[in-house]
Structures are given as C-alpha cells and as structure tokens.
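**Student:** Each chain, written out:
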Amino acid sequence: MTATVEPELGTSSTKRMTMAVAMNSALDLAMDRDDSVLLLGEDIADPAGGVFKVTKGLSTKYGTGRVRATPISETAIIGAAVGAALAGMRPVAEIMFMDFVTVCLDQITNHAAKLRYMSGGHSSVPLTIRTTVGEQRFGAQHTQSLETWFMHTPGIKVVMPSNPIDAKGLLASCIADNDPCLYIENISLAYSQKDEVPVKEYFTPLGEAAVTRAGRDVTVITYGPAVHTAVAAAEVLAAEGVEVEVIDLRTLMPLDMDTVLASASRTGRALIVHDAHTFLGPGAEIAAQIANDLFGELKGPVRRVGTGFSPAPYAPSGLDFHPTSDTVAAAICELVDY
Amino acid sequence: MTQSPTTEQVDVGDLSTDDLREMYKTMRLITVTGERAVVEVKAGRLKSAFYPVRGLEGSCAALGSAMRPEDQIVSTYRSLGDALAKRSSLRRIIAEIYGKADGTSKGKGGAMHLHDQEAGFITSTGVVGAGLPIAVGLALAASIRGEKRAVVATFGDGSTSIGAWHEAMNLAGLWKLPVVFVCQNNQWAEHTPIDEYAAVTDLESRARAYGMTTAKVDGFDPIRTARVLSEATARARAGEGPSFVEVVTYRLTGHSGSSDYSYMPKDQLAAATERDPAPAFRRWLLDAEIVDETALEEIDKQVAAEVDDAFEFAQNAPQPNASERYTDVFADERQVPKS
Ligand SMILES: Cc1ncc(C[n+]2csc(CCOP(=O)(O)OP(=O)(O)O)c2C)c(N)n1
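From first to last, the protein sequence lines are chains X and Z. Residue 235 in my numbering is what sits at position 235 of the first sequence, and the numbering runs on without skipping anything. Residue 1151 in my numbering is what sits at position 151 of the second sequence, and the numbering runs on without skipping anything.
None of these hints come from the bench; they were simulated from the model. Check each hint, because a few of them may be wrong.
Said to hold, decoys possible - Under the rule of at most 30 Å between Cα atoms (straight-line distance), these lysine-lysine pairs were calculated in the DSSO-like manner:
#1 Z:1176 with X:53
#2 X:15 with X:53
#3 Z:1148 with X:61
#4 X:15 with X:56
Said to hold, decoys possible - Simulated restraints, written as ranges between beta carbons of each label pair:
#5 X:327 with Z:1336: 30 to 38 Å
#6 Z:1069 with X:194: 52 to 60 Å
#7 Z:1336 with X:200: 28 to 36 Å
#8 Z:1326 with X:34: 27 to 35 Å
#9 Z:1148 with X:194: 45 to 53 Å
#10 X:310 with Z:1209: 36 to 44 Å
#11 X:48 with Z:1339: 40 to 48 Å
#12 Z:1069 with X:316: 56 to 64 Å
For glycine and all other residues, C-beta sits at the position ideal for the given N, C-alpha and C.
Just chain X, same shape as in the assembly:
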C-alpha cells in the first residue's frame, strides 16, 4: 500500500512549510484522494482547526461528517476509530498530548494493536493516531515521551518525524498503512523549522532510517527533536575535526537496524540520543542490538544520552530535562577518546 514516491525537491512544485503545515497538507491530500479517510479528535473542526492548528480548514473543505470534533473522551475517540478502521475506513485520531494516551491505552494496546493477531489475520486496523510531545513549559502531565510503551507492544507502528518533509511523507504513509500507527509530533519542532516541501502527495516509507549527516568517526542514532540536538553537536565537533554521522530513525517500529548496524560497523562507535528517558528507553534496545551484533568491531562501549528518570520539571531553567547539544557533544568526545 505504501508506495515509495520520492519528493521532488528544489522544483517549482515545492513550498516552504513548517511541520504543522506539512501535516495539514498530508491530511488534506489523503482526504481528497480517499473518501475513507476520516478525522476524529477534540476541537479539530473549524474555526478552532485543532489546538495546534494541524487540521485547520479541513472541516470547512470536507465537512464535519468526515472531520469530527469529539467530546473529551479519549477512550471513545480511539475506540470509535478502531471500529471505523475495522469497517475499512482510514481514521486519523488526534490525542492532544501524548500524556493522554494513558486514558485510552486499553483501546490502543489491547484492541488496535491486537485485533489483527487475535482474529488470525481476518481483521485489520488501518488507524493513525496523531499525538504531540515535547513542551516542558506545560509541566509533568504534558511532556512525556512514551514511545517505548508502544514499541514494546506488538502490532502497532511508531513514527516520529524530525522535519517538515518527513512529517508530510510519513503521515501519508501512516494513513495508507494497513496497521495501526502512532504518529508523534514534537510541538516545538512543529512551528520552528521551515523547509521546502513538495506540494503534491508523496510517501516516506515506514521503517527506513535516513542518514541526516555523513561522518566516519562516530554514529549518533536518534529521532525527533534530538536529531537537531545531535546535528548541532556534530557541527561544533566538526570544527575540531571529529566527523559525526547522524542517523534519523524516523520510524521506531519497524526499526531500521540495518542502517544503524551498517553505520556503527563503519565508525566503530555508537551513541544513541533521544528525548525519552534513558532508562529502558528506545536506546536500551538499540544499544543491546549493536553490542550483540558488532561486539568485535566496536572501539568503545555503546553509549546513550536521554532524559533522566524524573517527571518533567516545570522550570526549564536550572532543571534541564531533555538532552542538549552540550551533553551530546560531551558524550561523543568521551567515545572518541575511549
């Protein structure tokens, strides 16, 4: 279903877009092409257009039948999306903040993720759940990066773009995919960065990492906002002669370990960087696999930089939570000097 269509960049058919606008464009094109695409979520209809405006204009264009503003009922939003998906529709459900997936975890992990299996393959749940993370200023109940929970649940795919082009292409692929996909949007990335993005529909394949920056000394494996943290660290170190390769996983499930292992085998050094907690975070699995498969080829231990084991503190100043380019650069230097 997810045909790979390469974006045509640098042509007249591209436009500078933020991630938020790129996601809006992906939703718009999917709804235009396929009548079975249906949006559900709190405040998603116009004039609100979603609290992060990602669905702006869509209910005006496609009607409130297909762009459904819901009550504050996360269980019912996901449950209804599962039912509609079982009936062959392609619902895109919005959960305002990732922290609130705890309210509907049953529907996601016990139903969406397991129905294909428990039906012996007779049912499929082509559901996309869009949710947001990453704003420390909202405090501990609006900041959690819970992607590991879902990577740990057989049956659901986990996707997290780091730039506008992937934001559009990955969302299109999630909608077209026949399995449930959790698509995680980073709030601060969604508005900060603008890139040239193709205007027409295209698909970034699920399960394929991108090499964001090539380098021969250290492999940094990362995704989402931490890609930018890692690239910033790499740029600082380049001035000192250290060449860092940055891999943007883009999709956490399926996890593209082939790209990761090929790079780490070349550089002999691997560092995993993410905004999720270091302890039992995605990096734990990635590090274990690298250590297992490349034991003899490594020039040092596989290291991780993530978030410490506390709820998100409200005060960003003085109570650093997410990795910074300084902490990442320091970890890279340690690896190189090992």
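Given the coordinates of chain X, work out where chain Z with the ligand should sit on it, guided by the hints.
**Tutor:** Relative to the frame of chain X, chain Z with the ligand by itself:
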C-alpha cells in the same frame, strides 16, 4: 421476576413458526455446547477459560432473530451465544476454543476472542466495557457511508461501571448512530451482585440520560425480547439513532465454567433455574401447539449431533503451525523484529 410466557400472554408478531423453531434450536445449541464445554474443561481435555452463557439463551436467540446478515455485532468474552445467534460456524468456534488451526482466528484468539468477519461477528473483547466504543466506530462508518445496517454491542451489567461505557453511550447519543446497545443483565459481575456495585441499579435509566430510546425487557421472555430488539435494530437501519435495551436475566452458573456458585443465593438461583430458557421455551411451544413433541425431539437430536460433530472436529483439528506465531502481528510479517 415476571412469569414465563404463556399462550394467552404472547403475541408472536412477525415471527413465523420457522422463526420460533429456529429460536428454540439456537437456545438448545447454546445450552448443549456450553454444558459440553464445561464437561471438557473439567475432564482436562479443554484447557481454556470458558464463560458459560447459561441463562442468556433466550436473549441470544431473540437477538439472532432481530439481526440480519448485514448487521454487525461486537461481543464480550461471554460470546458463545452471540456468535451462534449471528450464525457463525459452530465447528470453527469450537476449534478456536481448542486453539486449533481451523478455528475462527487460527487458534490465536481463543475462547475470549471469537471473531468471524464473514458472519458479521466483528470482534469480541476480554476487557469489560471496551466493545462499546468499537461498536460506535463501526456504526459511525456505516452512517458516513450511508449503509443501512444495525451495529449491536452486547455487554454485561458490570460493564456499566466503566468509563468506556459512558463515553460510548454519549458519543452514540450525540451523533445519533445506528447502534443497539444490548445489556445482558445477568445480575452478577463475577462474584459481586448488582446491588453491591451500582449506585443506581436501574440501568435503563442511566442510558436514558444519554438521549437514546431505551427499553427494559424480561430476558426469560424471548418473544418480547425479540420484538424489542427487532424494533431497535429496525430503528438503527432506518437511521433513527441508537437504542439501549436492558435484557434482565440471571446467570444460571458460576462466572466461569469451573468456578463454584456457592455465593449465589439458593432461592434466587432456584427461581431462575425454573425459568431456564430452552426448557421453558420448549414447554411453551408445546402448550401453544406451535411445534409438536416429535418435531422438538428431532431438533434436540440435530443439536446433539451438531455439537458432537463440532467437538470431534475441533479435537481432531490440527494444531497451528509454529511458523504462524509471527504472522498477523503486522500486515507484512517482514516488519516484525527478529529478536
Ligand atoms: C477492565 C476489566 N476489569 C476487570 C475484568 C475482570 N472481569 C472479567 S469478567 C468480570 C465481570 C463482568 O461482569 P458483567 O459485565 O456483568 O458481565 P458478565 O460476566 O456477567 O457477563 C470482571 C470483573 C476485565 N475482564 N476487564
């Protein structure tokens, strides 16, 4: 509790003699299959949790007569009756309970997760109350596409205490969806009687608060139950919005197949057992001279043979192949992590 139906009381409405005979057969199938499953569990031949539907046979048969092939149902772990009412294959259901490759889910679902897309038996859930939002979504899809079908959600009385129940009722009422909520009120949630867990035990009144048509019916009266449920499914198909039907019955066994029922008041259980649906309906069919003894015996024999055949089929069916373990996790099995 109200009385068993009698010829004076009952107007069979649109139900033909064939329909009534079919209802009796469904009731017998549920009773005999359930009893056999319990025997198999006790004998150690069937290693499964099994949730008997004893007491609900009339209600399930009534639901069967109210649903058309295009209608869909979402059920619970206590789903044998619903599956048979929806005309799912007995052989494949039993094979699934045995965890065999020929089961409805190739042995990956099990007794609590029966599933038969072709029959419109969309799914069943082991999580109390979780089926209602899913049924709402199926009904939403039907309503968006203009498909004339009723989506039925069945659930126990205990599920009315969980948030998903309330969220789904509100959504269905708000969006006027073609869904029929059928509360199979057997008056027990595991070992807890309804008056010990509910602030308001009149469940119909709760549903009324969500702006839908509601009814409460004696589930030991399958004719009335069938009429009320038929009205509700017809309303859904006609696009007239959701309904809630509280079918009041009593659980004639313990919660699960092998559990005891010492905690159930003896007089209550005895009174309910007097009204055991299949035998009561049989007596009524005879008294009302709708079906004669010979014809009823013929049905009983057919049922016994079908049940024997299904258990034999299931017991002899092949085990799932080990390679099946990692299929159906994702649509594309190459996407499943290797370690
Ligand atoms: C969310 C959840 N909590 C607890 C259970 C354990 N459990 C299984 S059946 C049951 C009782 C449910 O009673 P009711 O809804 O009346 O259905 P019945 O079993 O009587 O048909 C409980 C508590 C469960 N399956 N799901």
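**Student:** Okay, residue 1336 (chain Z) versus residue 200 (chain X) on CB: inside 28 to 36 Å?
**Tutor:** Given range 28 to 36 Å: holds, Cβ gap about 32 Å.
**Student:** If you check the beta carbons of residue 1069 (chain Z) and residue 194 (chain X), does the distance land in 52 to 60 Å?
**Tutor:** holds, 53 Å
**Student:** Quick one: are residue 1069 (chain Z) and residue 316 (chain X) within 56 to 64 Å, going by C-beta?
**Tutor:** Since the Cβ atoms of residue 1069 (chain Z) and residue 316 (chain X) sit about 59 Å apart, the hinted range of 56 to 64 Å holds.
**Student:** Going straight from one Cα to the other, do residue 15 (chain X) and residue 53 (chain X) come out at no more than 30 Å?
**Tutor:** holds, 19 Å
**Student:** Taking the Cβ atom of residue 1326 (chain Z) and the Cβ atom of residue 34 (chain X), is their distance within the range 27 to 35 Å?
**Tutor:** holds, 30 Å
**Student:** Is the distance from the Cβ of residue 327 (chain X) to the Cβ of residue 1336 (chain Z) consistent with 30 to 38 Å?
**Tutor:** holds, 34 Å
**Student:** For the range 45 to 53 Å, tell me whether the beta carbons of residue 1148 (chain Z) and residue 194 (chain X) fit it or not.
**Tutor:** holds, 48 Å
**Student:** When you check the alpha-carbon spacing of residue 15 (chain X) and residue 56 (chain X), does it fall within 30 Å?
**Tutor:** holds, 18 Å
**Student:** Please test the hint of 36 to 44 Å on the beta carbon pair from residue 310 (chain X) and residue 1209 (chain Z).
**Tutor:** holds, 42 Å
**Student:** Under the criterion that the straight-line Cα-Cα distance not exceed 30 Å, is the pair residue 1176 (chain Z), residue 53 (chain X) satisfied?
**Tutor:** Given that 30 Å is the threshold and the Cα spacing comes to 28 Å, the pair holds.
**Student:** Next pair to validate is residue 1148 (chain Z) with residue 61 (chain X); report whether the Cα-Cα distance is within 30 Å.
**Tutor:** Distance ~26 Å between residue 1148 (chain Z) and residue 61 (chain X) Cα, so the pair holds.
**Student:** Is it true that the C-beta distance of residue 48 (chain X) to residue 1339 (chain Z) lies inside 40 to 48 Å, as the hint says?
**Tutor:** Given a distance of about 44 Å, which is inside 40 to 48 Å, the answer is holds.
Hint violations for this structure: none, all hints satisfied.
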